[in-house]
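Residue numbers (the working numbering), protein chains in the order written: chain V, 1 to 335; chain P, 1 to 335.
Since no wrong hints were added, every one of them can be taken at face value.
Note: identical chains are not told apart, hence a pair may lie in one copy or across any two.
Each computed SDA-like pair below joins lysine to any residue, with the alpha-carbon atoms no more than 20 Å apart: (1) 313 with 302; (2) 58 with 193; (3) 36 with 206; (4) 58 with 47; (5) 157 with 290; (6) 157 with 277; (7) 265 with 248.
None of these hints come from the bench; they were simulated from the model.
There are 2 protein chains.
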Amino acid sequence: MNWKASLSRALPLLGAAGLLALSAGTLVADDGYHSKYADRFEPLPAIAPIPANNSLTKEKIELGKMLFFEPRISASGVISCATCHNPALGWTDRIPRATGHNGQVGDRNTPTVLNSGFFTAQFWDGREDDLEGQALGPIEADIEMAMSLDDAIARLKEFDQYKEAFAAAYGGEGEEQITPENIAFALASFQRTLNTPNSPFDRYLRGDLNALTEKEKRGMAAFADNGCAACHSGPALTDSSFHAIQVPGSTDLGRYEVTGDEGDKYRFKTPTLRNVAVTYPYFNNGGVESLEEATQIMAREMLGREFDDQTIKDVVAFLHTLTGEMPNITIPALP
Amino acid sequence: MNWKASLSRALPLLGAAGLLALSAGTLVADDGYHSKYADRFEPLPAIAPIPANNSLTKEKIELGKMLFFEPRISASGVISCATCHNPALGWTDRIPRATGHNGQVGDRNTPTVLNSGFFTAQFWDGREDDLEGQALGPIEADIEMAMSLDDAIARLKEFDQYKEAFAAAYGGEGEEQITPENIAFALASFQRTLNTPNSPFDRYLRGDLNALTEKEKRGMAAFADNGCAACHSGPALTDSSFHAIQVPGSTDLGRYEVTGDEGDKYRFKTPTLRNVAVTYPYFNNGGVESLEEATQIMAREMLGREFDDQTIKDVVAFLHTLTGEMPNITIPALP
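Extracted from the complex, chain V is given alone in its bound form:
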């Protein structure tokens, strides 16, 4: 097929996009933004990176899903991972601070588990590196599920269906395989599948120039040009690094509580911006409900500048384009 034929086929697809350029023999359409900004971002893959020591298998994912929805590994018997990481609420809870065992309220906002397999630091303070390390924390935390791992394991061992599922995932006798490590590996495997690809932004990055409106594109440009993308980088729009920020109402010392280094005071992990429109409220203390206000605070605190109203509106419109396709999870039938 010659390029004129390609052109005549491609033209109807270009829609509002005006400019056409011929680059290395390929037709590339541009809208005045794509050529300048697309390379500064990364589309989100469907599956998060898989660690060498925890191969991703169907059996582990299925087991991890059961465990994720299992409230009987909490002291009350009614709190599961899915209580705070609620699939109906963007896999978070949409309240300021996590509320767990006996109604106790924690100090920090529940992060969504969506796309968390793309992070190289877990929790607001990065006290764990990966999902395997993160998985057991909330089960044992006194103000979350408040269950000792011994008790959780004893509870799981009562059910043949769990014995079978652990055997299917890890081989051997099921009962022996019900270990803290294997619980963590299964939960991590399941969470590694909870990603939200194909957002309007991803479709745009991949070349669908009509996937974003002009306003959203202006927001993307403002986001990149003002330096937001310095920390909100990579496929999940986080560098998994720690930056000092003090948001209204927070006295939390953040990363300092892990390292004890003065320089880590008030540092928190850059949160992902993927699905940020459906994972309010914002910041480590969940103190801000509106994306407009959160954007203004970030501009002041992190960039030392004041965004005008139009820029705020544009950036917020862009942030809405980061909402991807939610995982299509059927509720498991637990034993």
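Following the hints, put chain P in place on chain V, whose structure we already have.
Here is chain P on its own, set in the frame of chain V:
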């Protein structure tokens, strides 16, 4: 088609069933049980009876589903109907007694909402007649969701998506339609769809003689012949009536708390036996975990007889055939 042709077609379907009888011109196969017992039971319809004042519409069902999974109509913001009526756990909680706001433990076992539209009395003590009457109780109960209806309604009114959903379900301006009655009507509509047809028992009643094993059929016969079916009657295997029973560890006065009549002391509504194998633990206080033990207690308490081991095993095998197809519910995306 003549009956010989019908016969030659039907024969391969009859499987293990031996006897054939010609009744009113139709071929009827029998297995020694069906002709005797099938008429004493009713298969479960796919949809529960719809009251004249609450027509069942797609819009109400969708809205009811949102509300059912909505934790922000609880005081803590993390307890929804689905917390205790957990779809992963047979739409109940599988713990002895309901655990709600701030970890408070109630006096009674959470009944499954599955097939609850077939009941003509709701709650263990029948203090409401129908799902519309039942729906708001747990939202307001101090030890369950602990939310005033005014506060719940104010919360819902914050979301455009709810305004739209109420308008779609009830017409008019969405905000005005967010009323206690309309919340109850939507929740009732959704619950009316949560039924479990096509259990092995239903398939058997409808003529699939291979849907039950010989052991299960013996259990069905024992269940009917010993009088269990006197109260566990109708499509949901409950008469929605009240019968005196005192189970181990319970001091609950039951129906008496509603009526104040001496004769109602220790009376509780006959629970449905649909899905009984997956809705343990049993009785008003959730005091019994095993179906074998529950069956023995029922034989002693209600029938004044002792079942031998084989009868217990047969009846329990039969009770397992009452587990139907679980509703295929996708988790809603809440605003």
